[in-house]
Amino acid sequence: MSQLPDPELLASLVDLELIYHHSPSGYLSLLPDGSIIRVNKTLLNWLGYDEKEILYHKKFDELLSRGGRIHYEMIFRPMITINGEVKELNYEITRKDGSSFPALVSGNGIYDKEMNLQAITLVITDITQRNLYEKELLKAKELAKTEKERFQYLAETSPEMIWTLNAAGKLSYANKRLIEYFKLPGKDLKIKDIFCRIHKANRIKLLRQWLDTNDSGKNYTTIIRLQNQQGNYEWFEMNVIVPDKDSNDIKWFGTCMNVDEHMNAISRKDDFINMASHELKTPVTVLQSYLQLMQSFELPDPVKDYVNKSLGTLRKFQFLISSLLNVSAINTRELALNLSVFPINQLLESVVEELRHTSSTHQLILKSEKEEIKVNADKERISQVIINLVRNAVKYSPGASSVIIQLVYHNETSKAEISIRDYGVGISSEEVKKIFDRYYRVELQKGKPGLGLGLYISQNILQSHGSRLTVESEAGKGSTFCFSLPVVRTKI
Amino acid sequence: MLFAHGFGCDQQSWQFITDAFSEDYKIILFDYVGAGKSDLSAFDPEKYSRLEGYAEDVLNICESLDLRNVIFVGHSVSSMIGILAANKNPEYFEKLILIGPSPRYLNDEGYKGGFEQKDLENLFEFMDSNYLGWSGAMAPAIMGNADRPELGQFLTTSFCTTDPDIARSFARTTFFSDNRKDLKNLKIPSLTLQCREDIIAPEQIGEFVKNNTPENTLYLMEASGHCPHISAPEETIKAIKNFLK
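First to last, the protein sequences are chains F and Y.
Residue 402 in this note's numbering sits at position 402 of the first sequence, with consecutive numbering throughout.
Residue 16 in this note's numbering sits at position 16 of the second sequence, with consecutive numbering throughout.
Pulled out of the complex, with its shape left as it was, chain F reads as follows (with noise of 0.2 Å):
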């Protein structure tokens, strides 16, 4: 700039008289008294008046409404004698026509060099678009406190205990039912506490899957044991899901049901199935050797073959009765391996001919190695094993016509991987999760016989030789299940 403007112009620029009348609030100006000896056009305006039926002929509180004027009598004009100004008083200001807008109202007031007050402005702002604004937040808050309400309601009359954590791995909430069952009388309930009550045999397992789902963010569902106010161990299932929303005060959130019962049931049931297998197989085996024994007599050739054919009905009961007993020795931990040294390719030979006989409908195609291939293995577990998929196999594929047993050697990890593919129903993603459990039976097929204890017992079959059964499936598709052994290499 090569020089300075014109200090007239300058001076021009800010008219005091045109800023006081055209501000956007409104300003008054009041004797002690509350007459109004000044006004602004904005308020006028907003008013609805002409200054001359306002000035020296109006109070202030005449503008107010009833409740405003004992406000204004009993408030704000002792507080602006004494304080000297009012700061932000809302009060409903009556325009000429009598309808009302809300205003904010501050005061200050003038005095004399006695300290007398003299007179006192007020700014008014009209604010009606805020109290909108202001109504619509309120509405909102009281939308969130009923909703948050109704849901503690419900976490309150919930039968799950439920409760979340915050980042820093203390409890943030807990509903009554997790309080009454953890809390001791006079003490503040710690997630410490909690944690001492937990059955011992669970406490590693929870801690690792816990930190899993830190590092994870995955939600994850648990079977533990906790110690009721009795002293009593009962079970739960536990599911904590850790919210996608970063929420420093819920990092998790988790729920607690009680399935004793359940469990229980299960239990009962497992003994049940216990006592009346081991009641059964001492008749079927008296049963088995009076058939072996009528096969060594010279009989009729009808009869001969009725007798084998018992004697092969007998063979699957024995069968399911031993399947059976295998729960009952798994779930007592007494699954014991009678360990060799033989070659797998016969065991699948032999196995899968067998089978060809009492399948009518599916061609049973076997792809083997041709070296032949050692594993040190229970061979009738083993075998076991391979017939349960195989039966499976062919009971979930009734529309096709055959099941692909594979044999492959893998060399870089000496492994023998044994495969059953079928071209069945397959099982979906939801339903896989859960068919290795005890007594579970694929949704569909609930309709077709069976205990639900073939992939149980297989699967645990195969823990015990530190293999495990793995499973693809689409549904519609077909599934194939497999597992691994490790080959042993003899010196020939």
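Read the hints as simulated data drawn from the structure, not as lab findings.
Keep in mind that this is a model prediction, so the values were computed, not measured.
Ideal Cβ positions, reconstructed from N, Cα and C, are used throughout, including at glycine.
Incorrect hints may appear among the rest.
Here chain Y is said to cover these stretches of chain F; the calculated rule only asks that three of the stretch's residues, wherever they fall, bring their Cβ under 8 Å from a Cβ of chain Y [unchecked claim]:
hint : region
1    : 64 to 73
2    : 78 to 89
Just a sample of chain Y residues kept apart from chain F, beta carbon distances all over 10 Å, derived [to be verified]:
hint : residue
3    : Leu40
4    : Lys95
5    : Gly110
6    : Lys112
7    : Arg172
8    : Thr173
9    : Ile230
10   : Asn242
Below 20 Å or equal to it, Euclidean Cα-Cα: the simulated EDC-like pairs (lysine to aspartate or glutamate) are [what the hints assert, rightly or not]:
hint : chain 1 : residue 1 : chain 2 : residue 2
11   : F       : Lys379    : F       : Glu354
12   : F       : Lys58     : Y       : Glu222
13   : F       : Lys218    : F       : Glu430
14   : F       : Lys135    : Y       : Glu125
15   : F       : Lys316    : F       : Glu380
16   : Y       : Lys118    : F       : Glu62
17   : F       : Lys58     : Y       : Glu234
18   : Y       : Lys118    : F       : Glu92
19   : F       : Lys113    : Y       : Glu234
20   : F       : Lys139    : Y       : Glu125
21   : F       : Lys59     : Y       : Glu222
With chain F fixed as given, assemble chain Y onto it according to the hints.
Frame of chain F, contents of chain Y only:
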């Protein structure tokens, strides 16, 4: 001289007139429970739902400080509190000064208190949203005071350091009280200071007090409004001194 503040104020409201009396009298100032620097935890909603509860506190002050020949100066609702106290234990009191008294604010059959029920509802509604300014009422309502304690802090620095909830209760007790029948039992001489244009205790109420109270002097002031001890301290002092002569 025992000064009792009115609704909406605290003992600071006497600051313009007490000096004029301090040479001749022992001056006693106090805040009612809920006002000023009083202990808010002492507030008992049951006790203070009646003016008798407040009168009891006045008598307690007299008893604790072993006061005699008390000149009781009560503003607004405190006028009635003073009458109730003096009726119960007249031995403490010598004279009562009633500034803007009203024995009943609500209109009744054959009685014009100045207020209809709906006016008072309007006031209470007003107080709910506005007790000591917008930010004091709306901000905590919207944001929740517990989360933002600093929003409530300005209350303690303002003129009326009154707890809003207690103020609401005090307002109800004040405006719904009816002490007309207590006036005739007063055995102590009293002065009524009546302002002009007082919408809270209009002139006809001053007349009513005068006509129904034994030994009452009515003085009609030049001052207008409801708080002459604040807006016209000189005139108030003069009127009281004349009466005490």
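Now for the hints, and whether the structure bears them out:
Interface restraint, the region 64 to 73 of chain F with chain Y: holds (8 residues with C-beta to C-beta distance below 8 Å; minimum three). For the region 78 to 89 of chain F, the proposed coverage by chain Y is satisfied: 9 residues have a C-beta within less than 8 Å of a C-beta in that chain, meeting the threshold of three. Even its closest Cβ contact with chain F, about 19 Å, leaves Leu40 of chain Y beyond 10 Å, as expected for a residue assigned away from the interface. Against chain F, the non-interface label of Lys95 of chain Y holds: every CB pair exceeds 10 Å, the least being about 24 Å.
No beta-carbon of chain F is positioned within 10 Å of the beta-carbon of Gly110 of chain Y; the least distance is around 22 Å. Every CB of chain F is more than 10 Å from the CB of Lys112 of chain Y (nearest about 15 Å), matching its label as outside the interface. The claim that Arg172 of chain Y lies off the interface holds: its Cβ sits roughly 13 Å from the closest Cβ of chain F, which is beyond the 10 Å cut-off. For Thr173 of chain Y, the condition that its CB be more than 10 Å from all CB atoms of chain F holds, with the nearest at approximately 14 Å.
Residue placement check: Ile230 of chain Y does not keep its beta carbon more than 10 Å from all beta carbons of chain F (closest about 5 Å). Listed as a non-interface residue, Asn242 of chain Y keeps its Cβ farther than 10 Å from every Cβ of chain F; the least gap is roughly 22 Å. As the CA atoms of Lys379 of chain F and Glu354 of chain F are separated by approximately 15 Å, the hinted pair is consistent with the 20 Å bound. A threshold of 20 Å between alpha carbons decides the hint, and for Lys58 of chain F with Glu222 of chain Y the separation of about 19 Å falls inside it, so the pair holds.
For the hint pairing Lys218 of chain F with Glu430 of chain F, the CA-to-CA distance comes to about 16 Å; that is within 20 Å, so the pair holds. Distance hint between Lys135 of chain F and Glu125 of chain Y is fulfilled; the C-alpha atoms sit about 15 Å from each other, no more than 20 Å. Pair hint Lys316 of chain F plus Glu380 of chain F holds up; C-alpha atoms about 15 Å apart against a cutoff of 20 Å. Pair hint Lys118 of chain Y plus Glu62 of chain F holds up; C-alpha atoms about 18 Å apart against a cutoff of 20 Å.
Restraint check for Lys58 of chain F and Glu234 of chain Y: the C-alpha separation of about 26 Å exceeds 20 Å, so the hint is violated. Of the supplied pair hints, the one linking Lys118 of chain Y and Glu92 of chain F holds, its CA atoms being roughly 16 Å apart against a limit of 20 Å. This hinted pair checks out: Lys113 of chain F and Glu234 of chain Y have alpha carbons roughly 17 Å apart, not beyond 20 Å. Simply put, Lys139 of chain F and Glu125 of chain Y have alpha-carbon atoms about 18 Å apart, close enough for the 20 Å limit, and the pair holds.
Proposed proximity of Lys59 of chain F and Glu222 of chain Y is supported: the alpha carbons are some 17 Å apart, at most 20 Å.
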